[in-house]
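Novice: The sequence shown maps to residues 1 to 189 in this note's numbering.
Think of the hints as simulated: they come from the structure by calculation, not from any bench. Each hint should be verified, as a subset may be incorrect.
[As the list claims (entries may be wrong)] Here are the simulated lysine to any residue pairs, SDA-like style, with alpha carbons at most 25 Å apart:
1. LYS92 - ARG63
2. LYS181 - ARG149
3. LYS92 - LEU188
4. LYS176 - ASP159
5. LYS176 - ASP87
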Amino acid sequence: MISFIVPAYNEETELPSTLGAIRAATSGLSQPVEIIVVDDASTDATPEIAEQAGARVVSIHRRQIGAARNAGARAAQGEYLFFVDADTRINKTHVTEAMALLEVGYTGGSARGVMDGFIPLWSRILLHAFCTLYFGLNLGAGAFLFTTRSNFEATGGFDEQYFAGEEVYFSLALRKLGRFKVLREPVLT
1 MISFIVPAYN
11 EETELPSTLG
21 AIRAATSGLS
31 QPVEIIVVDD
41 ASTDATPEIA
51 EQAGARVVSI
61 HRRQIGAARN
71 AGARAAQGEY
81 LFFVDADTRI
91 NKTHVTEAMA
101 LLEVGYTGGS
111 ARGVMDGFIP
121 LWSRILLHAF
131 CTLYFGLNLG
141 AGAFLFTTRS
151 NFEATGGFDE
161 QYFAGEEVYF
171 SLALRKLGRF
181 KVLREPVLT
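Work the whole structure out from these sequences, hints included.
Specialist: Here is the structure:
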């Protein structure tokens with residue numbers, strides 16, 4: 001089973017598109033799929049929207065993305081763990097390439113990200129530099145990360161002492177276990 005774990009805080013506007021993208025990306029797969037939305041103390045309709053879309057909702061009150069990702073992994077039933085941010089759109093290529101890598105022994109991976117919507121020029125320049133650095137260093141961006149349950153457990157999961165940037169440490173921990181790959185197909189975030 002593939003478990004998609006979506007950490008969310010007040011994501012009622014983004015969540016329907018993200019969950020729809022996951023459903024579209026997984027249609028026709030031979031593997032069963034579950035979607036878990038980890039609602040981290042939202043004050044909007046995030047949990048209701050997730051339930052209406054058929055996702056299982058896990059509630060926490062930490063306001064910390066690493067804790068939300070770890071809670072989702074604990075609740076997950078799948079051997080394959082895919083972490084997708086609530087404002088990120090994946091497609092079938094991401095899922096099939098990630099599964100192919102995991103099935104041949106990669107410890108995990110990620111994908112480059114491209115921003116959706118209007119972004120000021122200075123932000124685009126900084127973002128391009130940031131993404132180029134991440135891709136060049138073979139680090140995983142938090143918008144989309146994938147691994148197996150056994151590798152997740154071997155790393156200890158996401159380090160909850162970091163409010164942000166926890167995906168860097170998680171990527172490095174996966175790289176220490178073996179091969180880690182950043183997919184060329186970017187996710188939309």
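Novice: Of the numbered hints stated earlier in the document, which are not met by this structure?
Specialist: Failing hints, ascending: 1 and 5.
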